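**Student:** Sequences are here, hints too, so could you generate the full structure?
There are 2 protein chains.
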Amino acid sequence: MIKKTRLFTPGPTPSFPPAQQVMAESEIHHRTEEFKRILREALAGLRYFFQTQEDILIFASSGTGAMESAVANLLSPGDRALVVVGGKFGERWEELCKAYQVGVEKIAIPYGQALDPRVVRQRLEAGPSVGAVFVQAVETSTATEYDVRSLGAIVHEFPDTCLVVDAITGLGTMELRTQDWHLDLVVGGSQKAFMLPPGLSFVSVSEKAWRRVERSGSPRYYFDYRRERKSVARDQTAYTPAVSLIVGLSQVLRFVQEQGLDNVIRGARLQAEATRAAARALGLQVFSHSPCAACTGIRPPEGIPSTRVVQHLRKEFGLVIAAGQGELKEQLFRIAHIGYFDFYDILGMIGCLELTLEQLGHSLSLGSGVRAALQTYCQRREPGEPGE
Amino acid sequence: MIKKTRLFTPGPTPSFPPAQQVMAESEIHHRTEEFKRILREALAGLRYFFQTQEDILIFASSGTGAMESAVANLLSPGDRALVVVGGKFGERWEELCKAYQVGVEKIAIPYGQALDPRVVRQRLEAGPSVGAVFVQAVETSTATEYDVRSLGAIVHEFPDTCLVVDAITGLGTMELRTQDWHLDLVVGGSQKAFMLPPGLSFVSVSEKAWRRVERSGSPRYYFDYRRERKSVARDQTAYTPAVSLIVGLSQVLRFVQEQGLDNVIRGARLQAEATRAAARALGLQVFSHSPCAACTGIRPPEGIPSTRVVQHLRKEFGLVIAAGQGELKEQLFRIAHIGYFDFYDILGMIGCLELTLEQLGHSLSLGSGVRAALQTYCQRREPGEPGE
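The listed protein sequences correspond, in order, to chains A and B.
Under numbering that gives the first Met the number 0, think of the first position of the first sequence as 0, with each following residue one higher.
Under numbering that gives the first Met the number 0, think of the first position of the second sequence as 0, with each following residue one higher.
Treat the hints as calculated values from the structure; they're not laboratory data.
Do not rely on the hints blindly, as some may be mistaken.
The list treats identical chains as one, so a pair stands whether inside a single copy or across any two.
[To be verified] With a Cα cut of at most 25 Å, we get these calculated DMTMM-like pairs of lysine to aspartate or glutamate:
#, residue 1, residue 2
1, Lys3, Glu257
2, Lys2, Glu124
3, Lys314, Glu257
4, Lys229, Glu213
5, Lys314, Asp234
6, Lys207, Glu156
7, Lys2, Glu206
Values in this document were obtained by computation on a predicted structure and should not be read as measured data.
**Tutor:** Right, dumping it as structure tokens:
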């Protein structure tokens, strides 16, 4: 039988087909008026996506490169940082700080638990001054959302401390008002809600962050925000940009503006809610106590390792989901809702998950997961918006 | 929310993405060795698809063009034909015969009923000799399959009568052994199980059919099989071929050969069976008493016209299905399984159909349709083939 391959991983996510088209045709040189126009348009679209009128910079790198750039541009060797660590990507902030000789004060959160912002306030008030607080909007490894809005309000009270948010997975799946919420540096990546292949990263930089950038003594060249800002003022990037991806980006951002960012976010949240309802109906437990909308982490049934669920879905149905990461590998599997998905996709995904669990020996009432998802759809639909 | 557009019409059907790729790149000239090689490969693939070692001809035309070619090449003005008419495409055979001054003897079948092959035998034995029997493998307008295998055995006994099968919708969704079953002329089209855009049609021509072709007195030029056969012997087409579609065709046929035609057919049949089970579980009636696997015709709930179901699915979920045709317009809606679909697609489709029916006021137990589809999948899966 025909079996299509479909990505349901929390990055890369399915690409937006019209962007694939324009990327395939994008043989243009980057030092041209044509490219300048496209870059200008992409940057305007990014400001909408990030909800900020402050600076946004684009790098040809993965998200980790942009995370590193935040550390290198904001902090100097010997500076101190507060790092929220609730999973693999929190650990990455910690590793990056250490690589740049930044002293790390860690706020450890049990996997899948919510962050209590008051803990951050206590540490900022009690301890010696820190240059930056590093956090995830969504900790992808545990599919957990953190309350960055409250963090923004707290850190805003400390004039020499910046809030750095890894929103690579969070952007486009949750409300995230970069400027209003005082998120000084927000990191994004192309292979997530931007519905593109990997290869582009984005950072937004607040005025407060720029003051730190100007005095950072850390070594940096490729990721130097000062040089990049000068280039952006001339509708350019400092070094050769990933041209095709930027062409695709501008196409995607036009689409998001047409759809409305709120609607895109609402779609992801509805899919996540439907998936959680389905999991519970199938007798499974959602891994996170503060679940995000970008992907849903689900504990596998007793006695069935996550990787068997992952392998079966791929082999039998062509559906590519993710197991846990690191020590969480067998403790959860993760289904993405970030990017180019609609409700039909969630129904197909849950149906195939039911068949998979049934075939692996989990006792379930066939169809109960999909029914819960359908009920979620009916309950959430506001009256009078059938044609949305 | 994001809403993808998906074709679930019984032609055009979703295109095969790797074929879209090669078609986009197919700027080659047709009088070249490169094109000859591609055409040779496509013709070999078509012989596999049609299950015949006899001649296959390719035309740049819609399926109707190829249907016309069958009449013009097999019959002369004043000849007689037996035409099975059980829907819009049976009527098309009738109209074509009349356009060529062929006397039509009609076997009328009520919409959605099976064909009793014995009726054809009786007419052939009783009446004056007919040059050809025209029939559909699948009558698309009523989603009904006819027993062409039995017809083949019957017509084979009459040395001067050819059996002409419109298998435009049937091919690739049902067993159809052109040569073994003595189907003298079988018509196909690119926009169906060939997973391509419309624009190509195919005919297989048996030795018995060639004898009629040689003596047909009907006017024809573009569709003249004699000229086309000579061109095919030189790996060419008589007139400018639809180059990109033939390039795509050769890609699709390679895929079908890799998958195995039996598996492709099995997939369509499973989807059709699951859809019928879902319809019944939702309290709906399958329109046909001899349902085909290419598409499923479903009677809408009492009081809800088919076109409302069609419109709602398109507006709310981006799913494009077909209402009935002609006078059957409001009596059924049709969901395709022909071409590039997998089981995930059926689950998404049925789930969205449930939401649509619920929103249009049909009383149903949400999830019951999808459950029936899932159960069909579980029952049909043979043991030991999880990784098929």
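**Student:** Hint by hint, say whether it matches the structure.
**Tutor:** How the hints compare with the structure:
| no. | hint | verdict |
| --- | --- | --- |
| 1 | Lys3 / Glu257 | between (29 Å within a copy, 14 Å between copies) |
| 2 | Lys2 / Glu124 | neither (57 Å within a copy, 47 Å between copies) |
| 3 | Lys314 / Glu257 | between (37 Å within a copy, 17 Å between copies) |
| 4 | Lys229 / Glu213 | within (13 Å within a copy, 78 Å between copies) |
| 5 | Lys314 / Asp234 | neither (46 Å within a copy, 40 Å between copies) |
| 6 | Lys207 / Glu156 | within (12 Å within a copy, 91 Å between copies) |
| 7 | Lys2 / Glu206 | neither (51 Å within a copy, 38 Å between copies) |
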